[in-house]
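Go ahead and model the full structure; you've got the sequences and the hints to work with.
Residue numbering for the sequence shown is 1 to 242, as defined by our numbering.
Honestly, the hints are just simulated from the structure, not real lab data.
From a predicted model like this one, the values you see are computed outputs, not experimental measurements.
Virtual Cβ for every residue (Gly too), placed ideally from N, Cα, C.
Among these hints, one or two may not hold up.
FRET-style restraints, in silico, Cβ to Cβ [as the list claims (entries may be wrong)]:
1. A103 - R31: 49 to 55 Å
2. A150 - R79: 17 to 23 Å
3. S149 - V76: 18 to 24 Å
4. R21 - M121: 55 to 61 Å
5. L137 - A179: 21 to 27 Å
6. A179 - I36: 49 to 55 Å
7. A213 - Q72: 24 to 30 Å
8. V167 - G24: 47 to 53 Å
9. G201 - R79: 25 to 31 Å
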Amino acid sequence: MRERIFADDQYSFATQEQLVREFGVSHPSIREALRILETEGLVTVRRGKVGGANVHRPDEAQAACHLGLSLQSARVTLRDLAVGLQMLEPNCAEACASREDRAEVVVPALRRCVEMSEQAMNDGVVFTQSGRDFHRLIVSFTPNPVIRSAVGSYVALWSAQEQAWAVATMRNSSYPSSALESDVVCAHRRIVDDIEAGRPGEAKRLARAHLEATQAFIIEHHGDSVVNVSNSSSRRGRPSMR
1 MRERIFADDQ
11 YSFATQEQLV
21 REFGVSHPSI
31 REALRILETE
41 GLVTVRRGKV
51 GGANVHRPDE
61 AQAACHLGLS
71 LQSARVTLRD
81 LAVGLQMLEP
91 NCAEACASRE
101 DRAEVVVPAL
111 RRCVEMSEQA
121 MNDGVVFTQS
131 GRDFHRLIVS
141 FTPNPVIRSA
151 VGSYVALWSA
161 QEQAWAVATM
171 RNSSYPSSAL
181 ESDVVCAHRR
191 IVDDIEAGRP
201 GEAKRLARAH
211 LEATQAFIIE
221 HHGDSVVNVS
231 NSSSRRGRPS
241 MR
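Below is the structure:
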């Protein structure tokens, strides 16, 4: 059943009666298999007369949730997570600048994202989300699928921390000034310019400097906090910060 989920993007489960006949096993065995898949986050089982199993393909948010649980168990701090990203994510910007098709595939999507960030200035929560989308895109265009998946999980985990920070600072009116938002937009534009011009080393350098600057706002107040994934948010794949 797991292999079928991975092999077919459109796969959906038959009824339990059909699954029993198809696999030649008992009803309890099918229910146990569904329970395991539900624990893995691959299905959501609805009970009752109109019940059934909805399929969910694994994504970065789900991987980030499991990663967050592992880091929380090891009592990894947000500062450690930030430093790890500073070591990993800039390599993705470097890889994007080395792609032969960057002008057709990478650059247009990044420029649209930068424009959306500029339009979202003065709305901290939306601006933060748009800014995090820029980082997600950088990673998503990395050619190597292993790096793309691994770094994407770390980016999704940090993004949830940063989004929680944005919501909290907007509530108490302590979100950074619009001048700092302008700095973020400017940094994103410069990174895209280097990617478009095919300057991998410079794109990597700028990406790391930008990460250090933007992460500093969270690290200043929450750097020693342990990465935390609450039960309620983990079911939605959204790590939270305490």
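Now for the hints, and whether the structure bears them out:
Between A103 and R31, the C-beta spacing of about 52 Å keeps the proposed range 49 to 55 Å intact. The given range of 17 to 23 Å is respected by A150 and R79, whose C-beta atoms sit roughly 20 Å from each other. Taken as a hint, the range 18 to 24 Å holds for the pair S149 and V76, whose Cβ atoms sit roughly 19 Å apart. Taking the beta carbon of each, R21 and M121 are about 59 Å apart, inside 55 to 61 Å as hinted.
Restraint check, L137 to A179: a C-beta distance of roughly 25 Å satisfies the suggested window 21 to 27 Å. Separated by about 52 Å at the C-beta atoms, A179 and I36 satisfy the suggested range of 49 to 55 Å. Hint check: A213 to Q72, Cβ distance near 26 Å, so the stated range 24 to 30 Å holds. Distance hint check for V167 and G24: the Cβ-Cβ separation is about 51 Å, which falls inside the suggested range of 47 to 53 Å.
One distance hint, 25 to 31 Å for the beta-carbon pair G201 and R79, holds here, with the actual separation near 26 Å.
Every hint, counting from the list given before, is met by this structure.
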